[in-house]
Amino acid sequence: MVSVAFVAAAASVATGTQQSTMLPPAAPDDGSKHGILRTVWDFTFRMGLRYIKNSYKDDPFRTFLEVCLIAFIIWYITKQKYNIGTNEIVLSEKEIDELVEEWAPEPLVPELTEFEREALDKAIMIDGPNGTKVRLASGSTSKPVLNFASYNFLGFIDNPDIEKRAIETLRKYGVGSCGPPGFYGTLDVHMELEKQLAAFIGHSAAILYSQAFTTTLSVIPCFSKRGDIIVADEGVCFAVQQAILLSRSKVYWYKHNDMSDLERVLKDVNKQLVGRRGKNALPRKFIVTEGLFQNTGDITPLDVLVDLKRRYKFRIILDESYSFGVLGKRGAGATDHFNIDPHEVDLLIGALSLALGASGGFCCADKDLVEHQRLSGLGYCFSASMPGILTVAASDAIHALEAHPEGYLNNLRENTALMRNSLKRIPGLQVDGALESPLIHVRLSPEALVRMKRSGGAWTKTDIDRVLTELTDEAQKDGVLLTRAMYVDEHERLLPNSSIRICVSSAHTRKEIEKCAHAVKSAVSRITSKKR
Amino acid sequence: MHTLVQRVASVANLNEHSINPNSHWVNLKGSWTTNIVMIVVFRFLFSVIPWSTPELSWTLTNLSYCLFQYIMFHGIIGTPFEVNQGAYDNLTLWEQMDNGEQYTPTKKFLTVVPIIVFLISTHYSNYDVATFIINFTAILIVLIAKLPAFHRVRFFGINMGQNDCN
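Protein chains in written order, with the UniProt record's numbering: chain A, 1 to 532; chain B, 1 to 166.
It is possible that part of the hints are untrue.
To give an idea of the interface, some chain B residues facing chain A are shown, with a C-beta separation under 7 Å as derived from the structure [claimed, not checked]:
1. Glu101
2. Gln102
3. Tyr103
4. Thr104
5. Ile115
Calculated from the model, a selection of chain B residues having no Cβ within reach of chain A, i.e. all distances over 12 Å [as the list claims (entries may be wrong)]:
6. Leu45
7. Trp51
8. Leu56
9. Leu60
10. His123
Think about it this way: if two alpha-carbon atoms lie no more than 30 Å apart in a straight line, the pair counts; the simulated DSSO-like pairs of lysine-lysine are [unchecked claim]:
11. A:Lys367 to A:Lys195
12. B:Lys108 to A:Lys79
13. A:Lys367 to A:Lys122
14. A:Lys521 to A:Lys133
15. A:Lys367 to A:Lys313
16. A:Lys79 to B:Lys146
17. A:Lys329 to A:Lys195
18. B:Lys29 to A:Lys79
19. A:Lys511 to A:Lys424
20. A:Lys521 to A:Lys453
21. A:Lys521 to A:Lys143
22. A:Lys81 to B:Lys146
23. A:Lys461 to A:Lys424
24. A:Lys461 to A:Lys515
25. A:Lys271 to A:Lys255
26. A:Lys81 to B:Lys29
27. B:Lys108 to A:Lys81
28. A:Lys122 to A:Lys511
Rather than coming from a laboratory, the hints here were simulated on the basis of the structure. Glycine included, each C-beta is placed from N, C-alpha and C at the ideal position.
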């Protein structure tokens, strides 16, 4: 019991006085200094003895336990601070010197491989404004070439009306907005465009981001946090992959566009959650996918997706960057295409920089979800808002699309169908993606690749990329600008097969489409006839 | 699914320089004092219950304080605040305190106080075996939960966070 601590403590007067404060106060000090000490010592000693007598209740085991507790106190109090979980390695001077000696700095810019150097040398540079016809700065001829490499689906990039309005806006608002939306960066045109976007999509509210890539990167981590669950398509584009990574959520991948596999994953996830207790029993659960896949040109079967979401109680985050302005009767994206109420898609992410030819992105959602992003969306809070000119350009593009949807979209559909049909007829070529997708990935078919290899050896990715680069070079000689789909190889989760990405625009004429298809055909025949 | 003893995954390096608003207040001198005041008030309240013996009131005081410590420091996980993307979501307040550092002054204080209360109570009352066991078990539970060896260790699946039980 406390008695033992007391006996131990009684050795020092200091602890003795401390003890005495717990008990009745010490006797008044009326003697000399020596006398006081003596009195205090006497008093504490006597008190201590009484204490031990009182405490020892004829039970040695109990006393033993109490002694243990006191020993524990002493042991615990005398321990030094330390941090669990840091595996700090302490090095000796010699070891440090050795490490410094061994260290060879890596170059700031890594050495390029041979193929990378070639690709860099051949990088396309456009002289003058972008559009369906462009002049190349690097090309040998000064003749304009047909551009099938830009995401200019509706031909808004070089629309003269929009350009005129943009110049007028420039006079009014200047070039930049000079601040994030929360810090004097919001213009009236931003708020108008948000309302216009929400009305156009048919959702409750919208929020504007100043960059398309960061829209995805911002929206997904804004709602899906550590401990939440994301079920994502394997074929999603780089932005979505990075967003998922940033969210730190638990990710489950399902096979690209395979709804039965998605259902299996959803069932699995829900099964794991059964029986979980506490506040983590109900994490936020999201299905993340793209409306129109950047890497394949496939379209997500949104009707099935919505059905699954309802059945398994998930939320949908749909990246409509590529489908917005392209799919559907009105061009409002995948929800329009499948005739689904946009409210079924809980977070709808879109880009204004692709089909609309402006810049930035947006997220359509319920009002609360949008307001949450105004304080928690990193891309919204911490980057300057969109310049006024681009905002007005996007707004005008939507107005134009709303006024004549058939004009733009029918043209786009016809061009897409024509391009796809012509490309499909080319031997040795494989055309990917959904029929409605103006984003066409063409790959060399496996048979053609086998035929081209002289020794029957295997193709490496670089080999195929090199052949495709040759193909684009050949097409460029015929006056058609194409590009290979490029990726940051080491950062892609599943690296898509090498392909040439052809973007059809509604601004292309029938003749231009035919010319492109013809150029591809002759390039392919020239390339495949060469053995290597 | 739950085994007897499990360790919660270390989800992130807790940043020493960021203040966790959920556990910061524990280090204030005011909250140290509150502990003492609380014990005194408990003791007083339980002693004014009619027909209460010193044994009963001390036992109730001891149990209430241990229960308070258990709930506050070991019974609830997570934080109502958004800190470092939920880095503290699966941790009890005891594990969050001082960013997981052991043997800090507050931790020492909060470890010593229930023991002192227990020792004082055994001194001032005549516990029979049953009451002694009840009181001793109570402080044993709160002490074991505080040991550095049991940092992020969970018994019987109590307080298992998400992502730790599959």
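Structure-based check of each hint:
no. : hint                 : in the structure
1   : Glu101               : holds, 5 Å
2   : Gln102               : holds, 6 Å
3   : Tyr103               : holds, 4 Å
4   : Thr104               : holds, 6 Å
5   : Ile115               : holds, 5 Å
6   : Leu45                : holds, 22 Å
7   : Trp51                : holds, 23 Å
8   : Leu56                : holds, 17 Å
9   : Leu60                : holds, 20 Å
10  : His123               : violated, 6 Å
11  : A:Lys367 to A:Lys195 : holds, 11 Å
12  : B:Lys108 to A:Lys79  : holds, 9 Å
13  : A:Lys367 to A:Lys122 : violated, 47 Å
14  : A:Lys521 to A:Lys133 : holds, 20 Å
15  : A:Lys367 to A:Lys313 : holds, 20 Å
16  : A:Lys79 to B:Lys146  : holds, 14 Å
17  : A:Lys329 to A:Lys195 : holds, 21 Å
18  : B:Lys29 to A:Lys79   : holds, 21 Å
19  : A:Lys511 to A:Lys424 : holds, 17 Å
20  : A:Lys521 to A:Lys453 : holds, 20 Å
21  : A:Lys521 to A:Lys143 : holds, 21 Å
22  : A:Lys81 to B:Lys146  : holds, 14 Å
23  : A:Lys461 to A:Lys424 : holds, 23 Å
24  : A:Lys461 to A:Lys515 : holds, 29 Å
25  : A:Lys271 to A:Lys255 : holds, 20 Å
26  : A:Lys81 to B:Lys29   : holds, 19 Å
27  : B:Lys108 to A:Lys81  : holds, 10 Å
28  : A:Lys122 to A:Lys511 : holds, 27 Å
Checked against the numbered hints above, the structure violates hints 10, 13; every other hint is satisfied.
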